[in-house]
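Could you build all of it, start to finish, from the sequences and the hints given here?
So the chains spell out like this:
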Amino acid sequence: MRRILTASLLALSLTAAGVAQADPVKIGVITTLSGGGAGLGVDTRDALVLAFKKSGNTDVELVIEDDAQKPELAVQIAEKMIQSDKVDLMTGIIWSNLAMAVVPNTVAQDVIYLSPNAGPSVLAGANCHKNYFNVAYQNDNFHEAMGQYANQDYKKTFILAPNYPAGKDSLTGFKRYYKGELAGELYTQVGQTDYAAEIAQIRASGADSVFFFLPGGMGIAFMKQYAQSGVGLPVLGPSFSFSQDVLPAVGDAALGVKNSASWSKDLDNEANKEFVEAFQAEYGRLPSIYAAQSWDTANLILSALAKASVKDKDAFRAALKEADFKSVRGEFTFNANQHPIQNIYVREVVKEGDVLTNKIIGTAFEKHGDAYVGQCKM
Amino acid sequence: MSAALLIEQLLNGLQLGVMLFLIAAGLTLIFGVMGLINLAHGSLYMIGAFACAAVAAATGSFWLGLAASLAAAAAAGALMEVAIIRRLYERDHLDQVLATFALILILSEGTRWLFGSFPLYLDIPPLLQGAVPLPGGGQYQLYRLAIIGVGIVVAVGLYLLISRTRLGMRIRAGESDREMIAALGVDIRTLYTVVFALGAALAGLAGAMVGALQSVQVGMGEPALILAFVVIVIGGIGSIKGALVGAILVGVVDTMGRFLLPKLLALTMPVSQANLVGAALASMLIYIVMALILALRPRGLFAGQA
Amino acid sequence: MTALSRETLVSSLLVVMLVAIPLAATMAGEPFYVTLATRIAILALAAVGLNIALGLGGLVSFGHAAFFGLGGYVAGIFATHAFNGEPLPFGFAATTSMPVIWLSAMALCGLVALPIGAISLRTSGVYFIMITLAFAQMIYYFAVSWPSYGGEDGLSIYVRNSFPGLNTAQPLPYFLLCLGVLIAGLVLFQLIKGSRFGTALEASRQNPTRLAAVGIAPFGIRLVAFVVSAMVTGLAGALFADLNRFVSPSMLSWHMSGELIVLIILGGKGRLFGPLAGAMVYVLFEYALGGITERWQFFLGLILLGVVLFARGGLLGLLAGKAHHG
Numbered sequence: 001m002r003r004i005l006t007a008s009l010l011a012l013s014l015t016a017a018g019v020a021q022a023d024p025v026k027i028g029v030i031t032t033l034s035g036g037g038a039g040l041g042v043d044t045r046d047a048l049v050l051a052f053k054k055s056g057n058t059d060v061e062l063v064i065e066d067d068a069q070k071p072e073l074a075v076q077i078a079e080k081m082i083q084s085d086k087v088d089l090m091t092g093i094i095w096s097n098l099a100m101a102v103v104p105n106t107v108a109q110d111v112i113y114l115s116p117n118a119g120p121s122v123l124a125g126a127n128c129h130k131n132y133f134n135v136a137y138q139n140d141n142f143h144e145a146m147g148q149y150a151n152q153d154y155k156k157t158f159i160l161a162p163n164y165p166a167g168k169d170s171l172t173g174f175k176r177y178y179k180g181e182l183a184g185e186l187y188t189q190v191g192q193t194d195y196a197a198e199i200a201q202i203r204a205s206g207a208d209s210v211f212f213f214l215p216g217g218m219g220i221a222f223m224k225q226y227a228q229s230g231v232g233l234p235v236l237g238p239s240f241s242f243s244q245d246v247l248p249a250v251g252d253a254a255l256g257v258k259n260s261a262s263w264s265k266d267l268d269n270e271a272n273k274e275f276v277e278a279f280q281a282e283y284g285r286l287p288s289i290y291a292a293q294s295w296d297t298a299n300l301i302l303s304a305l306a307k308a309s310v311k312d313k314d315a316f317r318a319a320l321k322e323a324d325f326k327s328v329r330g331e332f333t334f335n336a337n338q339h340p341i342q343n344i345y346v347r348e349v350v351k352e353g354d355v356l357t358n359k360i361i362g363t364a365f366e367k368h369g370d371a372y373v374g375q376c377k378m
Numbered sequence: 001m002s003a004a005l006l007i008e009q010l011l012n013g014l015q016l017g018v019m020l021f022l023i024a025a026g027l028t029l030i031f032g033v034m035g036l037i038n039l040a041h042g043s044l045y046m047i048g049a050f051a052c053a054a055v056a057a058a059t060g061s062f063w064l065g066l067a068a069s070l071a072a073a074a075a076a077g078a079l080m081e082v083a084i085i086r087r088l089y090e091r092d093h094l095d096q097v098l099a100t101f102a103l104i105l106i107l108s109e110g111t112r113w114l115f116g117s118f119p120l121y122l123d124i125p126p127l128l129q130g131a132v133p134l135p136g137g138g139q140y141q142l143y144r145l146a147i148i149g150v151g152i153v154v155a156v157g158l159y160l161l162i163s164r165t166r167l168g169m170r171i172r173a174g175e176s177d178r179e180m181i182a183a184l185g186v187d188i189r190t191l192y193t194v195v196f197a198l199g200a201a202l203a204g205l206a207g208a209m210v211g212a213l214q215s216v217q218v219g220m221g222e223p224a225l226i227l228a229f230v231v232i233v234i235g236g237i238g239s240i241k242g243a244l245v246g247a248i249l250v251g252v253v254d255t256m257g258r259f260l261l262p263k264l265l266a267l268t269m270p271v272s273q274a275n276l277v278g279a280a281l282a283s284m285l286i287y288i289v290m291a292l293i294l295a296l297r298p299r300g301l302f303a304g305q306a
Numbered sequence: 001m002t003a004l005s006r007e008t009l010v011s012s013l014l015v016v017m018l019v020a021i022p023l024a025a026t027m028a029g030e031p032f033y034v035t036l037a038t039r040i041a042i043l044a045l046a047a048v049g050l051n052i053a054l055g056l057g058g059l060v061s062f063g064h065a066a067f068f069g070l071g072g073y074v075a076g077i078f079a080t081h082a083f084n085g086e087p088l089p090f091g092f093a094a095t096t097s098m099p100v101i102w103l104s105a106m107a108l109c110g111l112v113a114l115p116i117g118a119i120s121l122r123t124s125g126v127y128f129i130m131i132t133l134a135f136a137q138m139i140y141y142f143a144v145s146w147p148s149y150g151g152e153d154g155l156s157i158y159v160r161n162s163f164p165g166l167n168t169a170q171p172l173p174y175f176l177l178c179l180g181v182l183i184a185g186l187v188l189f190q191l192i193k194g195s196r197f198g199t200a201l202e203a204s205r206q207n208p209t210r211l212a213a214v215g216i217a218p219f220g221i222r223l224v225a226f227v228v229s230a231m232v233t234g235l236a237g238a239l240f241a242d243l244n245r246f247v248s249p250s251m252l253s254w255h256m257s258g259e260l261i262v263l264i265i266l267g268g269k270g271r272l273f274g275p276l277a278g279a280m281v282y283v284l285f286e287y288a289l290g291g292i293t294e295r296w297q298f299f300l301g302l303i304l305l306g307v308v309l310f311a312r313g314g315l316l317g318l319l320a321g322k323a324h325h326g
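Chains as they are written, first to last, in the UniProt record's numbering: chain A, 1 to 378; chain B, 1 to 306; chain C, 1 to 326.
It should be emphasised that the hints constitute simulated quantities derived from the structure, not laboratory data. Owing to the predicted nature of the structure, the values given are computational and were not obtained by experimental measurement. A hint or two may mislead.
[To be verified] Far from chain C, some chain B residues (derived; all Cβ distances over 12 Å):
#1 35
#2 107
#3 155
#4 288
#5 300
[To be verified] Each pair of labels, with its calculated beta carbon distance range:
#6 A:333 to C:89: 37 to 47 Å
#7 B:135 to C:83: 19 to 29 Å
#8 C:118 to B:156: 34 to 44 Å
#9 B:264 to C:118: 28 to 38 Å
#10 A:331 to B:264: 41 to 51 Å
#11 C:210 to B:82: 32 to 42 Å
#12 C:288 to A:176: 46 to 56 Å
#13 B:86 to C:209: 53 to 63 Å
The beta-carbon is built from N, C-alpha and C at its ideal position, and this holds for glycine as well.
Okay, here's the thing in structure tokens:
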């Protein structure tokens, strides 16, 4: 894989003459390309590769490896990329627990890491780092937005999430902005596949709505079973279970669900139109939010490369921090902890012809940062 | 907490148990007859789900998908048996663990190769959508009742097959004395292939039935495999009756644990903390039960003659 | 050449390779290969630990990841508390000194292995495989949901723990340290194997009835073997956490238990250098295949299958002829 990609980018460099720049830039991409979570990694990789290809920048070389969603393997690959491939930048990790394994040691070795998806609170607060840039979101953001949005219509929400740190962050984030009463609060098992017991409790709780955060297969299972159960209360959630990569698997059960995200394919700006068209033309499928964030990551890197050499770390970091690129999410700036300040939208799952997708129905937050920036001493 | 909710949760536990029995039945059959630890059982379950989802998507019929899942899993099982598994019967459990561990890797990535990286869509058939009223004012989903029904049919069917048919007689004979049955002129190689394919088909059936409730994706077989092992070990390996009892025990304990532990703990600590601790304990509960049972009955509840 | 001496030759070659490659890599300015060799040494040590129970005693533990992970958590928890300047639970002082951490990891794993072994050893065969798995799963789920030490996200070790007189932050000294511990583990394995205890242990695997007839209860011997085995694997876990500067519940997962078993069978069960051969081949395949194709797990599966079907006695069996044990 790695070699093929290098070769194709090199071939590209031969055709696009005249834009020769000084130093080649090596970017290490660790992402999940095998196993159950591969869909997210494939979208991340595909958007990244496409963005660099489109840019015509010939100096970028990508080193892509599969972490199989195993923290130990991700650590090993990171060491290899830093010590052996001598990469200048790293990106690609999808999952918080893998980010926690890789990021602290990577940034400590003075390699810049740009997160295209995960945003654990520790890395936004006390352990923020000058070499760590989060181009996606802080983990709490989408949940906070849903809490904020729930205030409009609901007074008694039932909330549930898996019993692990991201799940606790999720419910904490929701409660941070939600003002109503909780009909119930549940932590489910990590990897749980049957939710009959939880759905029975929702039915009995007298709730007027349900908020859930169950990434991956857990969310697909929950949504299907929830729809089949006929409970019928309105469902709210972060976009992860309603993103383009899983919507086909959830099916009509997802119709009408309100979900929060920093991006949607119908977001009205030039960069986004170009991105959605290019991605669809190249891969024959609609992009997911992971693809969008990855595309932004690539364009952020390109914008910084245009201003500074990657060898001059201080200048390059400063260039990154300016975030002088056209984000598919519209306005995008970095906070003091190098996490995004961006709008968080509320979307609804709709059907366009036969295809399930999302459309924006409102804005939960404008120029929203995160709750941990105060703890970051940088 | 109302009585209706309690009844519904008990039913949920029973239903989860029957679901686990469907997954575990083939595993315990294969172990009972051939003495083989098949870690790839979860992969056969996955193959069933994928076959059902693919055929249902192409034809629009869940029922054709269900038939396809049986056929695909049985075919994959027979192929595996003839090509690989057959060489492992005489080996110790360690070699079986390694070989079938390797098969998990091959089948998972092979499936991803064929079907891509994204989860597939599979819904319950229109015929089984909706709910039926329960006594006491509650209601229960038809499809989940259907799973309970299929589980009972499989349990009874296996019981009749083993106790009443010629094939069953040979299986029982094969369990107790392999040389004897070979001496009597029964083709033990074919018998084993048939049993393995039957076990695989049961896994495929479970994959299709359960897949309609869950996410059809690569890796879906692994949690199912671990739970199936817990079930058959509690019940006594090789015993169909044990698998059924073990499955229902695990299903009910797990469901009631998830439901009641946070509520019980809330009597002694703040609610939000009780939710966290209760969920943590609930996730460990079935393993605690399993350890307890094995500590008291080292060969499970219904130890077979194996 | 006899089988025995050929095995000695192949084994010596393995050790020479394990030492020579990192030295050459350091000189060539490729420190990553030192890291890779360190990983091999540590995984080999974990498998040497398991091999005491599995290879000598025939106790197929499918839950040794529990000890591997617990050892890792000891290293992680010590490092975190020392980093934050807080004392450990129960008032112990936190330290970053590896010898203390190692002893603590071994002590903890021994203490945990004692009840697990005592209960599990009441069973045998497949039941033993599965009950050890059950205990490991309990600890796994506990670690995933216990918030104090990171839960599923795991625990970062910001500065690698220290060893008197060595700069452990550098790849080569840390490799040599791990190599030293691995050699100590191998010596321990050989001592056990050659001792009266080891003879009794092997007898308990091959013929428990006869052992009982000469007045030795297999239970006690097996329990000691299980506990020692857990302690060695726990030590390896502490080293592994320091190598990655990270520990998480995935070190406790059943996949990790499976991998440890794979290492042993791959190399050759019950052989002194089997775990080393297995770890070397497994890690190198994982690394090489991962660099070539994203379908690497498919091919890794094919290779493992090939070994189990056609190379009975593992790679050492293939290279060095029939096993001299058993």
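Going down the list of hints, with the structure as the test:
The beta carbon of residue 35 (chain B) is not kept farther than 12 Å from every beta carbon of chain C, the shortest such distance being approximately 9 Å. Some Cβ of chain C comes within 12 Å of the Cβ of residue 107 (chain B); the nearest lies about 8 Å off, and the non-interface call is violated. For residue 155 (chain B), the non-interface assignment is confirmed: its Cβ lies about 22 Å from the closest Cβ of chain C, beyond the 12 Å cut-off. Distance to chain C contradicts residue 288 (chain B) as a non-interface residue, since its nearest Cβ pair spans about 6 Å, not more than 12 Å.
With 12 Å as the threshold on Cβ separation, the claim that residue 300 (chain B) sits away from chain C is violated: the shortest Cβ distance comes to roughly 7 Å. Between residue 333 (chain A) and residue 89 (chain C) the Cβ separation comes to about 43 Å, which falls inside the hinted range of 37 to 47 Å. A beta carbon spacing of about 60 Å between residue 135 (chain B) and residue 83 (chain C) contradicts the range 19 to 29 Å that was offered as a hint. The hinted window of 34 to 44 Å between residue 118 (chain C) and residue 156 (chain B) holds, with their beta carbons roughly 40 Å apart.
Checked against the hint of 28 to 38 Å, the pair residue 264 (chain B) and residue 118 (chain C) passes, with Cβ atoms roughly 29 Å apart. Remark: the range hint 41 to 51 Å for residue 331 (chain A) to residue 264 (chain B) is upheld by a beta-carbon distance near 49 Å. Separated by about 39 Å at the C-beta atoms, residue 210 (chain C) and residue 82 (chain B) satisfy the suggested range of 32 to 42 Å. At roughly 47 Å, the beta-carbon separation of residue 288 (chain C) and residue 176 (chain A) lies within the given 46 to 56 Å, and the hint holds.
For the pair residue 86 (chain B) and residue 209 (chain C), the supplied restraint of 53 to 63 Å is violated, since their beta-carbon distance comes to about 32 Å.
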